[in-house]
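Full structure from sequences and hints, please.
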Amino acid sequence: MNDRIALFAQAIRGPILLITVGTLFAMHQAGILPFYRTWPLILIVVGVIKLVERFYVPPSPPSPGGPRV
Amino acid sequence: MRMRGSITGPLVLILLGVVFLIHAISPDFRLGDLLARYWPYGLILWGVIALLEVCIRFFGSGPIPRNGVSGGAWALVVIVALLGSSAHEFQRPNNWLRQVGFDSGMEAFGEEHQYPIDAISKKVGEEPRIVIEDFRGNAKITGADGGQISLTGQKNIRSFDTNDADKANAQTAVEILTEGNTVTIRCHQDRHGARSSVTTNLDLSVPKGSSIRGTASHGNIDVSAINGSVEFTGGSNSDIKLEDVGGNVRLDTRGADSIHCTNVKGTIDLHGRGSDVDLEKIDGQVTVGGDYTGTVSLRALSKPVRMESMRTQLDARQIPGYIRLDRGSVEGKNLIGPVKLTAHSTDISLAGFSESLDLNVDRGDIELRPEHSAMGRIAVHTRSGDIELAVPSAARFALTANTDNGEIDNQFGDALKESSQGRGARLEGAVGSGPDVNLVTQHGSITLKKASGDAASGETKAAEIRWDK
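Protein chains in written order, with this note's numbering: chain A, 1 to 69; chain B, 1001 to 1469.
Hints in this document: simulated from the structure, not taken from any laboratory.
In this text the structure is predicted, and so the values were computed from the model without any measurement.
Hints should not be assumed to be uniformly reliable.
[Stated by the list, open to error] Here are a few chain B residues that sit away from chain A, every Cβ distance over 12 Å (derived from the structure):
{"#": "1", "residue": "LEU1021"}
{"#": "2", "residue": "GLY1042"}
{"#": "3", "residue": "ARG1066"}
{"#": "4", "residue": "SER1070"}
{"#": "5", "residue": "GLY1125"}
{"#": "6", "residue": "LYS1140"}
{"#": "7", "residue": "ASP1145"}
{"#": "8", "residue": "ASP1278"}
{"#": "9", "residue": "ARG1396"}
[Unchecked claim] Chain A side only, calculated, beta carbon under 10 Å to chain B, not exhaustive:
{"#": "10", "residue": "ILE5"}
{"#": "11", "residue": "LEU7"}
{"#": "12", "residue": "PHE8"}
{"#": "13", "residue": "ALA11"}
{"#": "14", "residue": "ARG13"}
{"#": "15", "residue": "LEU17"}
{"#": "16", "residue": "LEU18"}
{"#": "17", "residue": "VAL21"}
{"#": "18", "residue": "THR23"}
{"#": "19", "residue": "HIS28"}
{"#": "20", "residue": "GLN29"}
{"#": "21", "residue": "LEU33"}
{"#": "22", "residue": "THR38"}
{"#": "23", "residue": "VAL52"}
{"#": "24", "residue": "PHE55"}
We put the CB at the ideal spot given by N, CA and C, even for glycine.
Listed below in structure tokens is the structure:
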């Protein structure tokens, strides 16, 4: 079951990012807030999604052949 | 099991097909316009659909895709964003491309052609709502009796040859559209190509009862004798002049050179950026909430005033006289308080104020002449600067004056006790029983003078002469 949640968390990051970007551009065009003042929000959203992912995705088992490249 | 592909791809395709189909069937349907304006909502819609799909698959225990939005889809998003934002930039009549690019070249090398605008007259009723759509040029709007709107004017078209100018002229016919009580004036400047630049100067006569809403991008606005409200947005490098307005005024400017409002019955609300602001004879409340780099002068305001800019904050209940806020200096006369003024690096000179006064300055000299013997509470604080207070000889007050680094000059005699503390000094005491007067400076001298009536009026005259100039 945990695997499914992990997959789910991975799958929703794209749509969420897309919605964020769309909202920021919409605000830019409506003249509410220009994009150059809101773009860091994208970084924040990506960061939050990554954090949530870490929460559910089990750490990958260490591969025998040394560090993965 | 082979996972089925996402439903978003097909949905996007269908939507695109429908949009292009409508465009193909009716050419009036302006696809560019639509895409330029609504593409961000397209992205949002796409995101929502993809999210819903993932959720449905998750809860319906179907197979979950690895990515909600695939790599190829992201490439498409980037292309849409680039196209959409450039289309949006280009749609505006006053975009940066036209400003720095072709238009300037046209202005320098093109030839100017003038065309008269065919006079239009329409019956619109006594109190229409007039909407002036975004255009480049000057507008003069005058209220007149009757229910008629009439338009004349002139177009200046710059282009390299007459053919282009003729074409641009034909494409940018001015239209008056009526829909119910709303009258829209459209200059169609977005229609002409980049081979010419069009400036439309409108001369409008409208019913006195009209209210006006407009967008200006370049050019001067002149409105007079209107009983309704007036609202303008935009306006860079323009002079905005409003005279004899019955309703409320709202201006949201992007770098207006000057804003003049005279004789307005309603409220005034200024926002945005600009240089000089001049408000005179305003019956309603005044709010100046933008950033104005020039001189802000307020005269004969009969309702509360609130000004809030990056440099200065001012609140006053009424300004029967005037107050003039410059970069580095504030000068005022005849104000009715409570007056509250906070400023940075500004010398302040106020005369003839009643009720309470609160002054807070970072750095600057302060000169106060209350002129009324019935003084209100006064609290002055400056970090660095001299304070001079000239009190009418009949006034009663309880004084506390303090300087951390400087001297105190007291002309009121023994009623006030002076003491020195280190490098500073302190003056305390009461002259009769009256309101608190509190003067504080960290670096600077404090002078407490007796103002004789003649001297005050003499100085008043001097101030008025300076003002008239």
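key: Given hint A/LEU18 near chain B, where the shortest CB pair must fall under 10 Å   = Hint on A/LEU18: holds, closest Cβ of chain B at ~3 Å, below 10 Å.
query = Are all beta-carbon distances from B/LEU1021 to chain A longer than 12 Å?
reply = At roughly 24 Å from the nearest Cβ of chain A, B/LEU1021 sits farther out than 12 Å, so the non-interface label holds.
ask   = Holds or violated: is there a CB of chain B closer than 10 Å to the CB of A/LEU33?
value = violated, 13 Å
task = Hey, is B/ASP1145 genuinely clear of chain A, shortest beta carbon separation above 12 Å?
result = About 37 Å separates B/ASP1145 from the closest Cβ of chain A, which puts it past 12 Å; holds.
message = Hint validation: A/LEU17 versus chain B, beta carbon distance must be below 10 Å. Holds or violated?
response = holds, 8 Å
inquiry  = According to the definition I'm using, a residue is off the interface if its beta carbon is farther than 12 Å from all beta carbons of the partner; does B/GLY1042 meet that for chain A?
reply    = violated, 7 Å
query = Against chain B, with CB atoms and a cut of 10 Å, does the hint on A/PHE8 hold up?
reply = Holds. Min distance 5 Å.
key: B/ASP1278 non-interfacial with respect to chain A [C-beta, more than 12 Å]   = holds, 27 Å
query = Is the shortest C-beta separation between A/ARG13 and chain B less than 10 Å?
reply = Hint holds; A/ARG13 Cβ to chain B Cβ min 7 Å, cut 10 Å.
inquiry  = Can you verify the interface hint for A/ILE5: is its Cβ closer than 10 Å to any Cβ in chain B?
reply    = holds, 8 Å
query = Does A/PHE55 pass the interface hint, meaning its C-beta sits closer than 10 Å to a C-beta of chain B?
reply = violated, 16 Å
Given as non-interface: B/ARG1396, which should sit over 12 Å from chain A by C-beta = Check passes; 54 Å lies beyond 12 Å.
When the structure is compared with the earlier hints, violations turn up for hints 2, 3, 4, 21, 22, 23, 24 and for no others.
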